[in-house]
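S.K.: With the sequences and hints as input, model every part of the structure.
Residue numbers (my numbering), protein chains in the order written: chain C, 1 to 191; chain R, 1001 to 1370.
Calculated from the structure, these hints are not laboratory results. Each hint should be verified, as a subset may be incorrect.
Calculated Cβ distances over 10 Å to all of chain R for the following chain C residues [to be verified]: (1) Lys4; (2) Thr103; (3) Gln130.
Using 30 Å as the maximum straight-line C-alpha spacing, the simulated DSS-like pairs for lysine-lysine come out as follows [to be verified]: (4) Lys96/C to Lys1240/R; (5) Lys1240/R to Lys98/C; (6) Lys1281/R to Lys117/C; (7) Lys117/C to Lys1193/R; (8) Lys1132/R to Lys1143/R; (9) Lys1193/R to Lys114/C.
If you want the footprint, here are the derived chain R segments under chain C, 3+ residues with CB under 8 Å [to be verified]: (10) 1073-1086; (11) 1177-1188.
For glycine and all other residues, C-beta sits at the position ideal for the given N, C-alpha and C.
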Amino acid sequence: MKTKIQLVEDDTDFSSAVTMILEKRGYDCYTAESARTGLRMVNEVNPDLILLDIMLEDRSAGFRFIQNIRQQQSYEANSHIPIIILSSIKHGMADKMKNRLGTYLLPVEDFIQKPVKPDMLIDRIQKVIQEKKSALEKIGDCECTFEKNHYGPVRRYHVYDPVTHIDYGEFNYCEKCAMSDQIRGFVVRML
Amino acid sequence: MSEIQTRTKETSGENKILIIDDEKIIRESCQEIFDLNGYQILTAEDGHTGLDLFQKERPDLILLDLKMPDCNGMELIEDINANDPNCMVIIITGYGTIESAVEAMRYGAYDYISKPFTPDELRFVVRRGLEKRKLVLEADKLKVEKQTLRENFVSLVSHELRSPLSAILQNLMVINEGLSAEISPQVRNILDKIDHRMRGLIKLVSDWLDASRMEEGEIIRSMNPIDIQSILLDVIDLLKPLARENHVELKCDIPESYPMIIGNAETLHMCFTNLIHNGIKFNRPDGFVQITLKDENRLNTVTIQDTGIGIPEDKLTMIFEAFFRCSGERRINGSGLGLSIAKKVIDAHSGNITVQSKCGEGTIFTVQLP
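M.R.: Below, the structure written as structure tokens:
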């Protein structure tokens, strides 16, 4: 079955170029021109990956889209869709965003600057999808008993409570559970 | 009582006046005079209470008796100024001497009034003081607004300019890679030229936005002790591939350790990148660019010397202007903004940049930073 890529991009000239690149490589490409249409489309199409232009109808539309998607996924099993951000912004902001990749501030898988060489785009897409596949295979290994739905690669972490000074030892956590513990205030160190 | 309070709120807005005078009669009569104007009046009978009240209430204007026992009026003015330079201090002098008034103004007082004074004289001087304060606060607010507008403008323009360029280049890539149809070598040739010029355009937009974003005040505000020699070494490292491509050697004479200087790392990095990049671009094959760092006459001096094509003498003064490029150098890529950005950065650091050049031999740029 063909891999489905959803592109959320308001510049139709840009999206048509990217669609051509993807379809030539055998992907099925669906384009939404706004964050709102994009959200509806995700539910209808259930893509394998989302290419998201961070600057849509307004400055925060892209970020709101990400927030929305990630919240939805908390309540549905196995529904973490990898997201790659596309943007034409440069150095300063771009570096800040790259630093936040994968953290709860910017829970997306990758960041690419426009314009993007066709080969590089395909490479990154394949890498991200492959990473998700390997993560899915190991999800059964996540040892967290609090969370219900897991996503992200499973790695070994050390958990410590800085308030009570209790050392909880080492666990296999998926990315989501590691983040949840971090948000709760534990010191979660990747080993 | 409540009527007066309401009037105060309606008419005075933020007009709060603090009267510091040891004579009760002065305090009371001032209060009476201003009650009719609807200002909010606070009083203190000595320097200490006055200063406390000032810090707590943040008045717009202070009427201060210069000669109070146990109080050094000048010191008090200094303290007030240090705390809130926009608070207008009007001193009341009882000796009718201009000297003490002038001295007080040197310490930071805005105006003076000498005893005995009529109510009208007092109202006049206070009104002037309040007006000045209003203007100063407005100017500050406008400055902040201007800065925010400028930042918003730059990021908006940045997006508006870069988006179409990205779309064009992306489509160009699709054609170039034969993704939409087969293309002949001639067409590919033309497309390569278009690609080349588009990238030049994108660089121009980036550089211009860099230059617009760099406001002198911003640079000055974010200065820290920095390691200038590691900045230079990093720039040289980043430019090594370009130098190799152009068959130009990068020679550096930079001491292993050099004392830290106060500056803004990001902009200095940009500045030296532009200068050394120029040295490489405008060079001849098998030429070199020599970068030295040393302390010369207590000034941190960086010299960038190249064996390039040089700059004609009559153009030497114009090279730092934005978009200036020597005629005949259009074939060498560039936005024409590199040197003007570099000069802006050096100016913000209170430094100096000079150039010596001989056509056909080379150019030396000397940057001096305090």
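S.K.: All hints, please: hold or fail.
M.R.: Hint-by-hint comparison with the structure:
1. Chain R leaves Lys4/C outside its interface by the beta-carbon criterion, the shortest separation being 20 Å against a cut-off of 10 Å.
2. For Thr103/C, the condition that its CB be more than 10 Å from all CB atoms of chain R holds, with the nearest at approximately 23 Å.
3. With a least CB separation of 23 Å from chain R, Gln130/C remains clear of the 10 Å interface cut-off, as annotated.
4. The suggested pairing of Lys96/C with Lys1240/R holds, with an alpha-carbon distance near 26 Å, which does not exceed 30 Å.
5. At most 30 Å may separate the alpha-carbon atoms for a hinted pair to count; Lys1240/R and Lys98/C meet this at roughly 25 Å.
6. At most 30 Å may separate the alpha-carbon atoms for a hinted pair to count; Lys1281/R and Lys117/C meet this at roughly 26 Å.
7. The straight-line distance between the Cα atoms of Lys117/C and Lys1193/R is roughly 17 Å, inside the 30 Å bound, and the hint therefore holds.
8. The hinted pair formed by Lys1132/R and Lys1143/R meets the criterion: a straight-line CA distance of about 17 Å does not exceed 30 Å.
9. With a C-alpha separation of about 20 Å, the suggested pairing of Lys1193/R with Lys114/C holds against the 30 Å cut-off.
10. Counting residues of the segment 1073-1086 of chain R whose CB lies closer than 8 Å to any CB of chain C gives 0, which falls below the minimum of 3, so the coverage claim is violated.
11. For a cut-off of 8 Å, the count of residues in the segment 1177-1188 of chain R with a CB near a CB of chain C stands at 3, and the three-residue condition holds.
Figure legend: structure checked against the earlier numbered hints; the only hint not met is number 10.
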